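Residue-level listing of the chains:
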Amino acid sequence: MATAVIPQIDQSLANRLAEIVGEKRVLFRPSELLAYASDALPSYNKRPGLAVFPGTRDELIAVITELAKDKIPFVPRGSGTGLSGGALADNVVLIGLNRLSRVLSIDPENLFAVVEPGVVNVALTRAVTAYGLHYAPDPSSQAACSIGGNVAENAGGPHCLKYGTTTNHIIALTVLLPDGSVVKLGGTDGEQEGYDLVGAFVGSEGCFGIALDITVRLSRNPQLVRTLLADFMTLDSAARAVTSIVATGIISAALEMIDQATIVAVESSIYAAGYPTDAAAALLIELDGASAGLERDVATVEALCKEHGARTVRIARDDTERTRLWQGRKKAFGAMGRVSSHLVVQDAVVPRTKLPEVLAEIHRIGERNRIQICNVFHAGDGNLHPNIPYSASDLDAVERVHTGCREIMELCVRVGGTITGEHGVGFDKIQYMDLIFSPDSLATMCRLREVFDPDRRSNPGKVIPVHSCKEWHAAPSAWAKR
Amino acid sequence: MQGVARGAVGLGEKVTAAIIASVAALRDQITEAAASGTTLRISGRGTWLDAGRRVDAAETLSTRELSGISGYVPADLTLTALAGTTLAEIREATRVNGQWLALDPAGSDDGTIGATVATASAGPLRTMFGSPRDLTLGLEFITGEGTVARGGGRVVKNVAGFDITRLLTGSWGTLGVITEVTLRLHARPEADETVAIALADTAHVGRVRQVLRNAPFTPYACEILNASLAKIVTGASGATALFRLGGNVEAVAAQRSALAELGELVDVEVAAWNRFRVAEPPGAIVFRLSDLPAELEGTWNEAGSIARACPGTLIHASPSRGVVRVIVPVTGDAIAFLRMSFPRNAPVKRIGERLPGQLWPVIAPAPTADRISKGIKSAFDVHNILNPGILGEA
Chain A
1 MATAVIPQID QSLANRLAEI VGEKRVLFRP SELLAYASDA LPSYNKRPGL AVFPGTRDEL
61 IAVITELAKD KIPFVPRGSG TGLSGGALAD NVVLIGLNRL SRVLSIDPEN LFAVVEPGVV
121 NVALTRAVTA YGLHYAPDPS SQAACSIGGN VAENAGGPHC LKYGTTTNHI IALTVLLPDG
181 SVVKLGGTDG EQEGYDLVGA FVGSEGCFGI ALDITVRLSR NPQLVRTLLA DFMTLDSAAR
241 AVTSIVATGI ISAALEMIDQ ATIVAVESSI YAAGYPTDAA AALLIELDGA SAGLERDVAT
301 VEALCKEHGA RTVRIARDDT ERTRLWQGRK KAFGAMGRVS SHLVVQDAVV PRTKLPEVLA
361 EIHRIGERNR IQICNVFHAG DGNLHPNIPY SASDLDAVER VHTGCREIME LCVRVGGTIT
421 GEHGVGFDKI QYMDLIFSPD SLATMCRLRE VFDPDRRSNP GKVIPVHSCK EWHAAPSAWA
481 KR
Chain B
483 MQGVARGAVG LGEKVTAAII ASVAALRDQI TEAAASGTTL RISGRGTWLD AGRRVDAAET
543 LSTRELSGIS GYVPADLTLT ALAGTTLAEI REATRVNGQW LALDPAGSDD GTIGATVATA
603 SAGPLRTMFG SPRDLTLGLE FITGEGTVAR GGGRVVKNVA GFDITRLLTG SWGTLGVITE
663 VTLRLHARPE ADETVAIALA DTAHVGRVRQ VLRNAPFTPY ACEILNASLA KIVTGASGAT
723 ALFRLGGNVE AVAAQRSALA ELGELVDVEV AAWNRFRVAE PPGAIVFRLS DLPAELEGTW
783 NEAGSIARAC PGTLIHASPS RGVVRVIVPV TGDAIAFLRM SFPRNAPVKR IGERLPGQLW
843 PVIAPAPTAD RISKGIKSAF DVHNILNPGI LGEA
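Note that the protein sequences, when read in sequence, are chains A and B.
Taking the numbering used here, I'd label the letters of the first sequence as residues 1 to 482.
Taking the numbering used here, I'd label the letters of the second sequence as residues 483 to 876.
The hints are simulated quantities; they were obtained by calculation from the structure and are not laboratory data.
Computed from a predicted structure; not experimentally measured.
Some hints here could point you the wrong way.
[Unchecked claim] Here are the computed lysine to any residue pairs in the SDA-like style, where the Cα-Cα straight-line distance is at most 25 angstroms:
#, chain 1, residue 1, chain 2, residue 2
1, A, 71, B, 857
2, A, 184, B, 736
3, A, 184, B, 829
4, A, 306, A, 237
5, A, 162, B, 857
6, A, 162, A, 99
7, B, 856, A, 172
8, A, 184, A, 99
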């Protein structure tokens with residue numbers, strides 16, 4: 001990522017943007033910008049050259065148009081809860097979108113809503129609760145993260161096992177391109193012909209432009225929900241139980257694994273959920289849907305857990321107990337804050353049948369590098385979240401964490417998995433992109449990006465290693481003759 | 483390459499080498515075509531070549547020899563197959579493990595997975611399981627310049643890199659020739675039952691949609707058939723709602739009770755869905771009307787007015803999506819009527835599937851005429867050699 005000073009970001013630009021959004025909504029002094037020097041991934045600090053917070057769609061368009069005049073790079077940012085450094089703005093303009101937080105319309109009969117990008121995930125669900133509906137993707141940060149950020153990252157969450165990730169819930173988008181023009185992608189009127197531009201935009205990590213409004217699919221609330229907690233004396237037996245549950249074809253709403261280190265952290269925090277601290281691992285399993293037949297599935301899952309050595313299987317009796325069980329899972333990252341001053345929340349995916357061997361190997365990676373690795377993750381779709389608490393002031397520890405992360409990524413790729421299941425590539429994972437994609441594949445992605453953003457000004461230096469794009473341009477292909 | 487190790491966990495070295503050689507051969511052909519500016523018609527087994535707009539191509543490139551399942555671990559519920567593998571081969575390989583690829587596009591299972599993904603073709607099961615865009619986890623393809631690239635991966639969740647997989651799925655071969663796909667499978671349910679309910683009138687059609695909107699379950703499939711189509715599929719004498727219900731035995735029993743408020747349930751063998759898939763007469767004019775689901779009655783009525791003017795027209799509607807598919811036997815009168823009744827600014831969107839040449843210009847504007855789609859086309863196929871014109875003039 002270029003760290004050279006970009007000359008156009010100066011007082012004059014700050015003044016011009018202040019004319020659009022008001023003086024209070026432009027931050028230019030280095031001390032004010034410190035708060036925006038990182039997202040929820042603590043490993044990097046990159047201060048923006050300027051931050052601007054438009055309050056309306058028209059202001060946002062005017063800001064981007066102003067930046068386009070001098071081809072100034074910018075980084076869109078939602079709530080800053082991302083875990084891949086995707087919202088890092090290294091001496092470029094940071095566009096804060098959290099003030100664009102209106103739910104524009106709700107169509108309960110046709111099951112969709114139109115929202116601005118800064119709407120907070122859980123606020124959307126709250127807005128449609130009265131209709132018996134909810135917005136399905138539920139990242140752990142859902143109390144703070146924005147729908148715009150979710151779209152950029154193709155965010156997941158525990159319930160994506162059954163209901164799909166963000167991409168399965170976006171119907172249409174109005175997109176502001178980096179040149180200041182506005183395009184509409186997708187539509188609500190049933191079938192869309194032509195290229196799946198909505199599908200291409202979701203997960204583009206802010207590199208294609210900014211969503212001005214987002215049409216989301218709403219889901220009907222299930223008639224019945226059953227939440228189970230099964231605890232195991234070995235990680236391996238818990239992982240085998242996961243594989244066997246998935247193989248039955250019963251699609252759990254969520255199938256989460258929490259290892260002992262995480263359980264201990266949760267139980268000694270204010271989020272204590274009553275997880276047994278002497279267990280090697282616990283599975284938090286949720287089944288939902290129509291009430292008829294659900295209890296049979298619950299019994300099947302319970303039996304499978306016991307067959308694989310579960311010591312106890314507890315079924316939440318009521319909503320209070322259910323909420324408490326989930327609280328421990330969703331706040332696990334917060335609870336780990338007690339363990340150490342810094343925390344890396346890793347993200348990778350492996351084929352579900354590889355979970356037992358991968359978890360064992362991750363344990364060895366931790367021992368070898370003398371780092372603690374806590375696993376709390378979406379086991380049902382093989383989406384690992386190895387969490388590594390550390391202290392950033394211990395430079396040797398930082399190095400060992402870095403080595404451990406790389407070894408985990410290499411391991412996951414080796415068994416046929418991928419380097420991120422829901423956090424995105426951002427800045428942090430660029431270094432691993434070469435592990436899973438050929439130079440030609442990366443160059444093809446780069447070309448796609450350039451259709452939306454020919455100057456690569458929107459979220460520069462993210463997702464695709466810069467050398468991949470350079471190689472493409474250097475190649476003696478017909479592309480050059482365009 | 484046919485009939486390789488069905489259900490095997492991976493394939494041996496020898497087979498893998500042969501596969502690579504084939505992709506390489508395909509790549510060389512495309513590279514050569516790009517150099518000489520030769521336009522290519524991309525085909526699988528050629529079972530559905532008359533769909534889409536007319537393609538003027540100098541040569542046809544088929545992926546049918548690029549066939550075989552190259553990776554299948556049943557417990558992972560994922561399968562990787564080369565593009566020329568037929569849906570039937572995938573069905574047989576997964577069936578022995580109590581699994582399926584939940585896709586039932588129009589036509590038989592003789593079609594290839596490559597063509598199914600390239601056209602994003604889905605049938606009634608889309609109600610529950612989505613389309614190829616939801617079921618394709620990753621793919622390999624060759625661009626119009628002969629570059630072999632990949633999107634996605636082989637695991638069920640993946641956000642590494644831009645979503646090339648979704649972009650290529652449903653791009654009708656215009657952005658690249660798909661050589662291999664990785665798919666999400668589902669386990670077969672304990673109970674898989676099909677029931678029919680006779681429908682009295684259009685209001686009844688609206689009630690089917692309403693009941694499903696409010697029901698605590700989603701059926702595997704629900705299609706509303708007009709009388710002519712119902713006669714072929716179930717032998718019924720009037721318009722019929724056909725439901726496919728899946729899940730455990732208790733769940734399916736409850737679903738049946740819930741549907742009883744719509745009318746008497748008649749059990750139908752599951753093979754009716756196969757008759758449904760092949761019901762359209764060869765060469766028929768096929769298009770879809772699409773609007774908001776809540777507007778289904780109006781959309782259904784519009785299709786009905788076409789059927790009244792064109793005898794023998796088959797109609798089916800997917801209530802959950804608000805889409806009505808219309809199949810009109812080809813006659814001079816039918817073409818003349820449709821030419822007249824396809825106003826450019828119709829309130830209900832029309833999407834062509836298989837049309838005589840003279841109807842394409844009056845049905846709907848090219849779906850790829852927008853600036854972004856044009857840019858993508860020229861980024862992936864700069865010489866415009868892949869299926870030129872199939873999605874309209876870029």
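Evaluation of the provided hints:
1. A:71 - B:857: OK: residue 71 (chain A) and residue 857 (chain B) at ~20 angstroms, within 25 angstroms.
2. A:184 - B:736: violated, 42 angstroms
3. A:184 - B:829: Given pair residue 184 (chain A), residue 829 (chain B) holds - Cα atoms ~19 angstroms apart, limit 25 angstroms.
4. A:306 - A:237: holds, 10 angstroms
5. A:162 - B:857: The given pair, whose Cα atoms are some 35 angstroms apart, is violated under the 25 angstroms limit.
6. A:162 - A:99: violated, 32 angstroms
7. B:856 - A:172: Between residue 856 (chain B) and residue 172 (chain A) the Cα gap is close to 19 angstroms, so the pair holds against 25 angstroms.
8. A:184 - A:99: holds, 22 angstroms
Violated hints, listed in ascending order, are 2, 5 and 6; each of the other numbered hints is respected by the structure.
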